[in-house]
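Could you slot chain U with the ligand onto chain E? The hints should help.
Residue numbers (the numbering used here), protein chains in the order written: chain E, 1 to 330; chain U, 331 to 454.
Hints were generated in silico from the structure; no laboratory data involved.
To spell it out: a stretch of chain E is covered by chain U in this simulated footprint if at least three of its residues, at any positions, have a beta carbon under 8 Å from a beta carbon of chain U; those stretches are:
{"id": "1", "stretch": "81–94"}
{"id": "2", "stretch": "100–106"}
EDC-like mimics (lysine to aspartate or glutamate), calculated; alpha carbons at most 20 Å apart, straight line:
{"id": "3", "chain 1": "E", "residue 1": "K190", "chain 2": "E", "residue 2": "D222"}
{"id": "4", "chain 1": "E", "residue 1": "K76", "chain 2": "U", "residue 2": "E412"}
{"id": "5", "chain 1": "E", "residue 1": "K76", "chain 2": "U", "residue 2": "D410"}
{"id": "6", "chain 1": "E", "residue 1": "K117", "chain 2": "E", "residue 2": "D159"}
{"id": "7", "chain 1": "E", "residue 1": "K117", "chain 2": "E", "residue 2": "E153"}
{"id": "8", "chain 1": "E", "residue 1": "K266", "chain 2": "E", "residue 2": "E250"}
In this text the structure is predicted, and so the values were computed from the model without any measurement. Cβ atoms here follow ideal geometry from the backbone N, Cα and C, with glycine treated the same way.
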Amino acid sequence: MRRRTWQRRGASLLLPGLLAGCSGVQSILAPAGTDAAFLSNLFWVMLAGAVVLWFFMNGLMVYVWRVNVGHMSSRKAEALIIGGGIVFPTVVIGVLLSVALNAMPDMRAEGTGTRLKVTGEQWWWRVEYWPEGAEAPIVSANEIVLPANSRSEIGLTADKVIHSFWVPALGGKTDMFPGRETRMSLEPLKPGTYRGQCTEFCGESHAWMAFNTVVLPQDEYDAWLDAQAEPAAAPASESAERGQAVFLSEGCGACHAVRGTAAAGKVGPDLTHLGARTSLAAGTLPMTQDALVRWVRDAKAVKPGAEMPAYDHLTEDELSDLAAYLEGLT
Amino acid sequence: MSVFGIERSRSLWHLILAPTIWAIHFCVTYGMTAIWCERAPAASGDLRLWILIVTAVALAMILGVAWRAWRQWDYTDDYDYEHDGPTIEDRREFLGHAGFLLAVVSVIGVIYVALPAAFVGSCG
Ligand SMILES: [Cu+2]
Numbered sequence: 001m002r003r004r005t006w007q008r009r010g011a012s013l014l015l016p017g018l019l020a021g022c023s024g025v026q027s028i029l030a031p032a033g034t035d036a037a038f039l040s041n042l043f044w045v046m047l048a049g050a051v052v053l054w055f056f057m058n059g060l061m062v063y064v065w066r067v068n069v070g071h072m073s074s075r076k077a078e079a080l081i082i083g084g085g086i087v088f089p090t091v092v093i094g095v096l097l098s099v100a101l102n103a104m105p106d107m108r109a110e111g112t113g114t115r116l117k118v119t120g121e122q123w124w125w126r127v128e129y130w131p132e133g134a135e136a137p138i139v140s141a142n143e144i145v146l147p148a149n150s151r152s153e154i155g156l157t158a159d160k161v162i163h164s165f166w167v168p169a170l171g172g173k174t175d176m177f178p179g180r181e182t183r184m185s186l187e188p189l190k191p192g193t194y195r196g197q198c199t200e201f202c203g204e205s206h207a208w209m210a211f212n213t214v215v216l217p218q219d220e221y222d223a224w225l226d227a228q229a230e231p232a233a234a235p236a237s238e239s240a241e242r243g244q245a246v247f248l249s250e251g252c253g254a255c256h257a258v259r260g261t262a263a264a265g266k267v268g269p270d271l272t273h274l275g276a277r278t279s280l281a282a283g284t285l286p287m288t289q290d291a292l293v294r295w296v297r298d299a300k301a302v303k304p305g306a307e308m309p310a311y312d313h314l315t316e317d318e319l320s321d322l323a324a325y326l327e328g329l330t
Numbered sequence: 331m332s333v334f335g336i337e338r339s340r341s342l343w344h345l346i347l348a349p350t351i352w353a354i355h356f357c358v359t360y361g362m363t364a365i366w367c368e369r370a371p372a373a374s375g376d377l378r379l380w381i382l383i384v385t386a387v388a389l390a391m392i393l394g395v396a397w398r399a400w401r402q403w404d405y406t407d408d409y410d411y412e413h414d415g416p417t418i419e420d421r422r423e424f425l426g427h428a429g430f431l432l433a434v435v436s437v438i439g440v441i442y443v444a445l446p447a448a449f450v451g452s453c454g
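With the rest of the complex left out, here is chain E:
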């Protein structure tokens, strides 16, 4: 009795987690891009094959151990071992290998549309968009925006340690190395928001090193990129104005850039259009005033090891002014 309830409880705890994994924004089973679709098809084909094989092998075992004990001629047994044990797996693995290898050139194809460069930092993502013919990039951070139905070229590198770039709903993953540039390309098909995650252990806050990928229809993407190239919006309220003053007097600009203002630091994420992002601090917090206050007051309390000092000497009013300013940077 007792065991039953435990089992049931275990199952009821496990099941939502498993099902959520199938429909989530970070699932290889809910593909939204060409490469991810191929990978998930491969997964389902292999799973189906494995299930069939599992039943066949167990059926065979029951057959020779229970049903037809000792009646198989040695010729037949030999044929079964050579056919089923050598030829069949060799062919199956050969076919799977060929299918996967055949898809690789397509997946690694050079992007034709947007070009961007992503750098893995401790523990955030530096993002640069390089439109056709641009001499300087449009700098952003902690979120990437891609046009749908177009293959984007993504150059990858890292600052101090190895990170890895993976958006499961869009494609495979690629490592990012300090001092070296790797590359990949992604072709998203469905507009939407998909979560990416650093998948190479990189220190204390590795698990908090995520990002959203926002896929937009091409025309919306073009408009978005134009807006992204613009300098920051001027503070739109008195609170935000006071916040800007705090921002500049506290020296946030030594690490952060807000284009169009005196803040031009390059150590931390570019904040020019922070308020337009869908998450704060590399997928760690929602983009809300409360979260901004929490973050600025003590970043390390949110993200262990975060390389940004705490500002717990600021008053609640100063913090909420700052948050109003930052949220207005759309």
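Then chain U with the ligand, alone, in the frame of chain E:
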């Protein structure tokens, strides 16, 4: 006695020769690809041709080993797998049998190792 001694050491060679060729083929194709793609990434067509040649040579050598191991096993003589007695004849057949199976594995291994070159056309 010395005649048998040579025979026995030769038959041991059959056992490890095929996997050794497989290992060398692996090192040569991978090493060649690494150097070629670093030095002359544009000439990947030539690289693929060389991989084809190296692979054909390795396969021919392994098939040769397989043929000799097959003869040593002497399966068609008695169609049995029994060679676990303490005789020179049995030891010979056992090593031939094992060498033949290792040659089969090595053929599969060499083909799988070379397969990427058939599908992935460039160094990029
Ligand atoms: Cu990381």
